[in-house]
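Protein sequence lines correspond, in order, to chains A and B. Every letter in the first sequence is one number past the one before it in my numbering, and letter 104, counting from 1, is 104. Every letter in the second sequence is one number past the one before it in my numbering, and letter 191, counting from 1, is 1191.
The reader is advised that the hints may include incorrect statements.
[As the list claims (entries may be wrong)] Think about it this way: if two alpha-carbon atoms lie no more than 27 Å apart in a straight line, the pair counts; the simulated DSS-like pairs of lysine-lysine are:
(1) B:K1392 with A:K57
(2) A:K31 with A:K53
(3) A:K287 with B:K1198
(4) B:K1162 with B:K1052
(5) B:K1371 with A:K137
(6) A:K137 with B:K1030
(7) B:K1004 with B:K1371
Just so you know, these hints were derived from the structure itself, not from any lab.
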Amino acid sequence: MFFKQLFYYLIFPGFLFASVVGLLAGWVDRKVSARIQYRVGPPWYQNFVDIIKLFGKEIITPPGRAFTFLFAPLMGIVSSTIVASFLGLVLLNSQSIFFADLIIVIYLLTVPAISLIIGASASANPLASIGVSREIKMVLGYELPFILSLAIVIIKAGSLRLADIINYQLLNGSLALSWSGAIGLIVAFLCIQAKLGFVPFDAPEADQEIMCGTLIEYSGLPLAIFRLTRFILLYTLPLFLIIIFLSGDIKLTSLGIKFLLILVAIILVKNTNPRLRIDQAIRFFWKILTPLAVLGVILAFLGK
Amino acid sequence: MSHKVIIPIGPYHPLQEEPEFFRLYVEGEKVVDIDIVIGYNHRGIEELAEDKHYDQVTFLVERICGICSSSHPFAFVLAVEDLLKTQVPERAHYIRMIVDELQRLHSHLLWLGLAGHFIGYNTVWMWAWRYREPVLDLFEQISGNRNNYAMMKVGGVRRDIKPEDLPTIKKQIDKLIPVLDMFKGAITDDPVIKARLKGVGVLTREQVLDFGALGPTARASGVDIDVRRDEPYAMYSSIKWSVITQKDGDVFAKTMVRILEMYESINIIRQCLVKMKKGPIDANVTDLIPGEGIGRVEAPRGECFHYIKSDGTNRPVRHKIRAPSFMNVATNKVSCVGGTISDAAITLGAVDPCYCCTERTAVIAKTTNTKIMNGWDLIKLCQEKTHKLLHKLEK
C-alpha cells in the first residue's frame, strides 16, 4: 500500500509524469510563441536540457538565511506535485481520495506563490523585495475571483469532491456549456494566467523592470526547482480547469485535445498583450473579474 | 511606506546592453527621485579625430553609433563642406537623403520593437524587427553593409545608387506602408497598450524647453523643431513633407511621433527617387583652408551637431560632437519621478537613448565621502581579491 502511494506520488501521475508533460507543455509554449513572433523556436528537448544544465550549476545562498532560501523551492514543488497526483488519480479512478479534496487543491495551488514569496524574501535583495510585494498583491488580486469562479462549480455540482464534480458533468454535460459555467471558465482561465506568472500578469518577475524580481538571487538547483514547479503548474492548472469546467467527456483523446486548446489559448493571451502594471492588474482582478464571477455565482444560484 | 529604497538600473542596462546607470529612489513602487550617471562608455573619439585626416574621420564618426551610422558622418561632411563652401552635386545630396531617411526608418522600427519589449510585449518586438530586416537588406544592396554604410564623403558620396536598385527600393518602402498601418492601428486600438503608455512619463513643453530636448522627444511635447525644415541641408527645401508633432508629451505621444515620422520618411524617399537626376556624385575636394564649419543633421533621435576647426592642414584641429541623446537623457530626471518602477522602464527607453553617441567626457563632482574608483582602482581590487583567494587555497 505504501509503495503504491509512493508510486502514485513520485512516478505516475505524480512527479515524473507531471514534470515530463509539463516540460513538453513548456516546449509547446516556447515553440508556439516563437512561431507567432516569426522565430524558429527550440527543439522539443530544450526545456529538459535547460533544467538538467541548472542541476549542475553552483548554488549560491545568502549568508545566514540558507535554510529558508533553499526550503522555499521544495515547498513549491512538493505542493504542485501533490496537486498533480490528486488530479491524475481522480481522473483515473473517478473517485476522490477523501472528502472535500477541492479545498485542498485550492490551498495547494496557492503554495507555489507563497513559496516564491518566502524564498525571495530570504534573499534580501531590493529587487526581490519589490518582486515580493508585487507577488503578494498579485495573490490578493487573483485568489478572490478564482475561488468565486470555483464556487460556481460547487453550487452547480453540489459537492466539494472533485470526483462528484466530474461525475456530475459526465451525466449533465460540461459545466462550461451553461451560462454561469462559461463565465466561471473565463474568470478561472485569466486567474490561471496570473498563477502561471505569464504576461500580462508577470509583474512580479518583470525581467525588463526588476530583472526577474523574485528569482533574481536564485541559481543552480533551487532555480531549477522553481522552474520545474512552473512547468508542473503548466500541466496541472489547465488539467484542473478541464476537470472543473470541461469534464463532460474524459476519454484520453478528448482530454488531450482540450489540454492543448487551453494551453494554446494561454500562449495566445501571453503573446498578444503587454505587461500590466501591478496596480492595473489588481484593478482588473477586483473591478472586472470579481463582479463577473459574482454574476456567475448568482446565475448558478438561479440554475442557469 | 516612507522608507527609501534604491533600485539600480545599470551599470549595464538589463535591456539595452549599453553601459549607463540610473539610480531610482523608490518608496514602495513609486519613484521619488532619480540619479542619472553616464560616462561609462567614453572612447575619446574627438581626440582620435584630431589625429586623423578628414577622409579617415568620416569612417571614425560613422562608428560613434551603430544605429545612426549615417547621421554622424553626414553632419561631419556638412561641417567640412560648410568650412570649404563646397558645391556638392545634386545627385549626391539626394543619395545622402535617401540613406539618411532609410536609416531613420530602421532606427524608428528598432525603437518600436524595443519599446514593445520594455512593456513586456515581445510579439511587437519581434514583429517590428522583422519588418526592419527589408530596410537593412536595402542598405546591404546599396552599400554592401547592413550598418556602417560608408556612403558619406567630403564633397559628395562614396558610391552611386545603381539605376537597377531603384525599383527594389521603391518596392520595399511601399511594402512598409501596410506594416506601419498595422502598427499604428495596433497601438491606437489596443486598450492595454494605451493603459501602459497614456499619461506615463509626461514631459511638458516648458520642461522640454528647459532641458533643451531634441527630436521626437521634443516634438511629442508640442515643440515644433526639426533641423530638416528649420535649417534645410541637402535638398530638403525642395521636398514637400511635414514635421510631426503631438501635444501630450507622454510615452504614447512619443510612440505616435515616431510612427508618423516613418510615413514622412517614406514620403521623402519617394520624392528623392523621382527627383534624382543622372550626374556627378562627387565634387572632388582637394584643398583645405583654415577656418571653422558646423554641420547639423536631424538624426532619428534629434539634432546631431558637428563642429570643425581647421588650420589648413589635412587634420582637424578641433572636432566637437554633440549627439541628441545627451540632451534627451537628462529629461528623465523629471519624466520618471512620480511614476512607478514599471513606468520608469518604458520612460527611460522612450527618449530612445543612445549612450555610445552621447559620451564625450564625464566630470565627477564629489559631494559625498564615498570613494570613487577608476579603472585602475578596480583592477587593483580584483588583484587583491585573487591574492586573498590564493592564500586561502594555500592554507
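Straight-line alpha-carbon gap K1392 of chain B to K57 of chain A, limit 27 Å
Since the Cα atoms of K1392 of chain B and K57 of chain A sit roughly 23 Å apart, the hinted pair holds (cutoff 27 Å).
Just to be careful, I want the Cα atoms of K1371 of chain B and K137 of chain A compared with a cutoff of 27 Å; is the pair within it?
violated, 39 Å
Is the straight-line distance between the alpha-carbon of K31 of chain A and that of K53 of chain A 27 Å or less?
Between K31 of chain A and K53 of chain A the Cα gap is close to 20 Å, so the pair holds against 27 Å.
What's the verdict on K1004 of chain B and K1371 of chain B, does the C-alpha distance respect the 27 Å limit or exceed it?
holds, 22 Å
With the threshold set at 27 Å, check whether the alpha-carbon distance from K287 of chain A to K1198 of chain B stays at or below it.
holds, 20 Å
Satisfaction of hint between K1052 of chain B and K1162 of chain B, Cα-Cα up to 27 Å:
Violated. K1162 of chain B to K1052 of chain B sits at ~31 Å, over the 27 Å cutoff.
Holds or violated: K137 of chain A to K1030 of chain B, with C-alpha atoms at most 27 Å apart:
Distance ~15 Å between K137 of chain A and K1030 of chain B Cα, so the pair holds.
When the structure is compared with the earlier hints, violations turn up for hints 4 and 5 and for no others.
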